[in-house]
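S.K.: These protein sequence lines map, in sequence, to chains A and B. The first sequence maps to residues 1 to 235 in my numbering. The second sequence maps to residues 1001 to 1204 in my numbering.
Hints were generated in silico from the structure; no laboratory data involved. Where a beta carbon is used, it is the ideal one built from N, C-alpha and C, also for glycine. Treat the hints with caution; some may be incorrect.
[Stated by the list, open to error] Using 27 Å as the maximum straight-line C-alpha spacing, the simulated DSS-like pairs for lysine-lysine come out as follows: (1) 1197(B) to 1143(B); (2) 1104(B) to 148(A); (3) 1185(B) to 1200(B); (4) 1185(B) to 148(A); (5) 129(A) to 148(A); (6) 1200(B) to 1143(B).
[As the list claims (entries may be wrong)] DEER-style ranges, computed between Cβ atoms: (7) 1038(B) to 127(A): 28 to 36 Å; (8) 1197(B) to 133(A): 44 to 52 Å; (9) 1147(B) to 141(A): 40 to 48 Å; (10) 181(A) to 1127(B): 28 to 36 Å; (11) 198(A) to 1127(B): 33 to 41 Å.
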Amino acid sequence: MTRKMPNGIASLPAHRVPTHHLSEELLLDYAAGSCGEAEALIIATHLALCPDCRAVVEACDAVGGALLDEIAPTAVGAGSLEAVLARLDDVTSAVETSPFVAPRGHEDIVVPEPLRSYLATDLKDVAWKPVMRGLDEAAVPICTSPAKSRLMRIGAGVAVPRHTHHGSEMTLVLSGGFSDNRGHFVRGDIAVSDPEVEHRPVADADEDCICFVVTDAPLKLTGPIGRLLNPFVRF
Amino acid sequence: MMLMPFNGRMTEQDQSVPTTNGSEPPLTDLLTAVATSRDRTAFSALFAYFAPRIKAYLLRTGCEAGAAEEIAQEVMITVWRRAETFDASQASASTWVFTIARNKRIDAFRRNRRPEYDPDDPALVPAESISADNRIEVDQAAKRLRAAMNDLPPEQRELLRMAYFDDQPHSAIAEASNLPLGTVKSRIRLALTKLRKGLKEEEE
Ligand SMILES: [Zn+2]
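Kindly produce the complete structure, drawing on both the sequences and the hints.
M.R.: So, in structure tokens, the structure goes:
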């Protein structure tokens, strides 16, 4: 089942549960709070689209709670409680709200939180920059992370040049779909590529594929054309 | 940051639902009292239980003592402010406080906000079956989880402590502990499988 989308985005599957997931190790890193902001952002955005991985993270949070219960306590300073009690008068019980207000017709929103707040817009207003024929990208501003994060738009039917990775790469499909040697990826699916993976993603023939990509090191193009392009690709 | 071997600071015996001491009400009730009636006595009891644990957690993750004290206070103020958002049918009090302490630590250490999904986001894909979990089940699940943790082989337990307390992703833990990455991954998977099984299982 699909629904019609505006702005050239053909369709979104209605509440499809993804089939390509994050590993438990990465979900544990996220729950423990030990991954960088860019990695945490792509993981959390997959979580918005994936009830299965959310259940794993909830279990990991519960492990964190149990570890907190059993840690040997360290005494706090003598006046610590009084200092906190004195400050309670100043704080109103403000429940923090999401900075993004869902616009009218919010069923048309393509980009879930937390990515939507980082973009400060939904997909239709993204400023794309061409990389090569059939491939555009837009940087996602994350000031504190050494990892590169960006949106990628692969034209319908376009093949991305064959490449490997010096580091790891995580790719989350937001609309459309692509295939590589690991299978078919559509909205909500996430692909994690280790350095040894060489792949050549091809976008589905019927619509553009838009992905959120986080890379922790530059890509290395390995095909004959790719090698020529290497100096120009700033992935 | 240096990877510290497990130094025996944590105890293995406590399997009961934690209370501030034997005679006081469970943490969940204290938190509910703060949420519904801004009860300062309940808050003080929560502080007595959690503040020293949060401080220990922050010290273990590499925080310096003064900062650990300060951030622990910030966490407790957030507990006061956000008590209404605690949902006893979703998580235990300790789990909820852990997530606040973890997020404050990330704010303070990395100077970034922690990206999290918004459960009310219209773009969120909901779970297919809404689980009928209630508060009693959450309490029992927490108890079973502690039992399952105590049953873990020492090397899996140690790896979990490193993962949660050493502020390093599993790949860095592998490097720092001279274990092959595959071994670290399989130990984490084994541990999580056992713990998740423990969380789900009905009372024996
Ligand atoms: Zn998933």
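S.K.: Going through the earlier hints one by one, which of them does the structure break, listed in rising order?
M.R.: 7
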